[in-house]
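These are the residues of each chain, in order.
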Amino acid sequence: MAKSNSQGAQVSASKPMLGSYFGNHKKALSHTLNEQKKKPLASILTCAVIGIAILLPTLLGVFLSNLERSQLSFDNTTQMTVMLSKTLSPIKGATFAQELTKIEGIESAKFIHQDDALEEFKATFELESTLEHLSDNPLPHSIIVTLSESANTIEQAQKLRTSLLGKPEIDLVQLDLMWVQRLNSITNFLSLSTWILGLMLSIAVILILGNTIRLAIENRKDEIAVLKLVGGTDAFVCRPFLYLGIFYGIGGGIFSIILCSVVLAILAQPIEALTASYQSDFSLSGLNIETTLFILLVGTFLGWCAAKISVKQHISAIEPS
Amino acid sequence: MIQFINVGKRYSDGHEALKNVSFELARGEMAFLTGHSGAGKSTLLKLIMLMERASKGQITVGNQNLARIPPRQVPYYRRHAGVVFQDHKLLFDRTIFDNVAIAMEVAGTPPKEIAKRVRAALDKVGLLSKEKLTPIQLSGGEQQRVGIARAVVNKPPILLADEPTGNLDPELSAEIMKLFSDFNQVGVTVLIATHDLELISRLPYRVIELDHGHIRNEEAFVNG
Ligand SMILES: Nc1ncnc2c1ncn2[C@@H]1O[C@H](COP(=O)(O)OP(=O)(O)OP(=O)(O)O)[C@@H](O)[C@H]1O
Ligand SMILES: [Mg+2]
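Protein sequences, first through last, are from chains B and D. Under this note's numbering, residues 1 to 321 are what the first sequence spells out, in order. Under this note's numbering, residues 1 to 224 are what the second sequence spells out, in order.
Okay, chain B solo, but in the shape it has when bound:
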């Protein structure tokens, strides 16, 4: 005990070098993958379970983004029909249309004479003969207002409508937003459902994987004890299990991407038939690159989380004896 060095000349902590740090990871990773090769069926089944769990929110998400896209294309050209007061003369109506264009959020305003409106009405509905009998034109003068791009949202349109209704020259403002609103609330509902479902299933995935990894740890208890005895840090001992979690996560992600593509391919035809009946050119677009990457990322993250939680609970309990 001649050395006065307080740390002890030979018995002290030494840090590994960076190069071997990566070598370590490589070794842990290849060890994990080799273990999986020994029992392919069990690994595939675990990945399949994870894949199905990720599939459900993914599918909902894909439908959702399709719905949102169709809403966007509607929003691109929002118009309002402003019915003018019966007492307003055509000339005054035309100047009023000019004034409207000065309001913020209005791109253009086109005055339509009541006679023109009637003509168009007749032409559209082929009611010439019936309408011949009317002594008076029941239609008012009107203005077609097109919203500027910046004001092209449902809220903005609604706000503008209220302010227009306050003007004495205006009787009625028609803004056909009902179905857009309905679509909007459906989208919101679906969006919320997707997140809730996603959250629930994420928890389920973490529980399932956590248990799988607990079993893996259980199976290698002796090995862990020996590694700790020869000076393996918790980080070193845990590493293969973290890789195992990530392996299952990515495997599950790949599974769900395959399943999702299959389901979307099956559904594409019926959905086109359905939307065609609504005179919509809506078509189902499948998984894009972003979604695919997102799924893989989510899978990786969930697998890592599950492993992290599991090793935290179980590895420290294993001590050499």
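Hints are supplied without guarantee of correctness; some may be wrong.
What the hints assert, rightly or not - Simulated pairs of lysine to aspartate or glutamate, EDC-like, Cα-Cα distance not exceeding 20 Å:
(1) D:K89 x B:E319
(2) D:K132 x B:E35
(3) B:K39 x D:D93
Stated by the list, open to error - Computed footprint of chain D on chain B; a stretch qualifies when at least three of its residues, placed anywhere within it, have a C-beta under 8 Å from a C-beta of chain D:
(4) 225-239
(5) 312-321
Hints listed in this document are in silico derivations from the structure and should not be mistaken for laboratory results. Note that the structure is predicted; figures quoted are calculated from it, not measured. Idealized CB from N, CA, C, for every residue including glycine.
Since the structure of chain B is already known, use the hints to place chain D with the ligands on it.
For chain D with the ligands alone, kept in the frame of chain B given last:
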């Protein structure tokens, strides 16, 4: 190198395995730890390996007070003390080479360096030709030597052994003890717990005897 001052160990069930144990083992010394079954030999070695913590007193190893080593530093500490068990504690799904290599892998040693040192250690215990076999394919004595190779591959300043010759016949036991003396010759501090009084009586090393957790007649001290 190893110093115990009034060390007591009480297990959680209340059993006192060690009572007021004091002794010192100098750097480069080799000693045997004997005593009846249940005397506390394994407990004493576990305290040095930090597999258990002392309840009383102070243990110093290489100028480090073990009570001051926090749990997350324990792995780094253990890399400086090799340990051999009667049951070898080998991994049966790995080769002999890998069994020895893990002791260096945990320290993040580069693979090239590991290969060199593992082969040197296996050569020292006479198992270089069997590096590709698994432990099941080896005899008890050979398995024990794998355990020894693993304990010394990091060139630790301290080597501990708990009944390393427990299951071996006298001839093999003598061979194993010869290995330990060889390591001691090159400066390693060695402490071996053993029942085998017959064997150690023929060897010129100090004997520390435990009796119901106490140190007894620490006089048999022949230094060769
Ligand atoms: N984990 C434990 N919990 C409680 N008591 C223990 C524990 N380990 C050992 N003991 C007790 O402590 C005493 C000393 O045990 P230890 O294993 O140190 O003895 P030993 O000298 O190594 O005996 P042997 O020669 O049989 O290996 C024994 O009475 C034993 O029952
Ligand atoms: Mg014992």
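Taking the hints in turn, this is what the structure says about them:
| no. | hint | in the structure |
| --- | --- | --- |
| 1 | D:K89 x B:E319 | holds, 13 Å |
| 2 | D:K132 x B:E35 | holds, 19 Å |
| 3 | B:K39 x D:D93 | holds, 15 Å |
| 4 | 225-239 | holds (count 11) |
| 5 | 312-321 | holds (count 3) |
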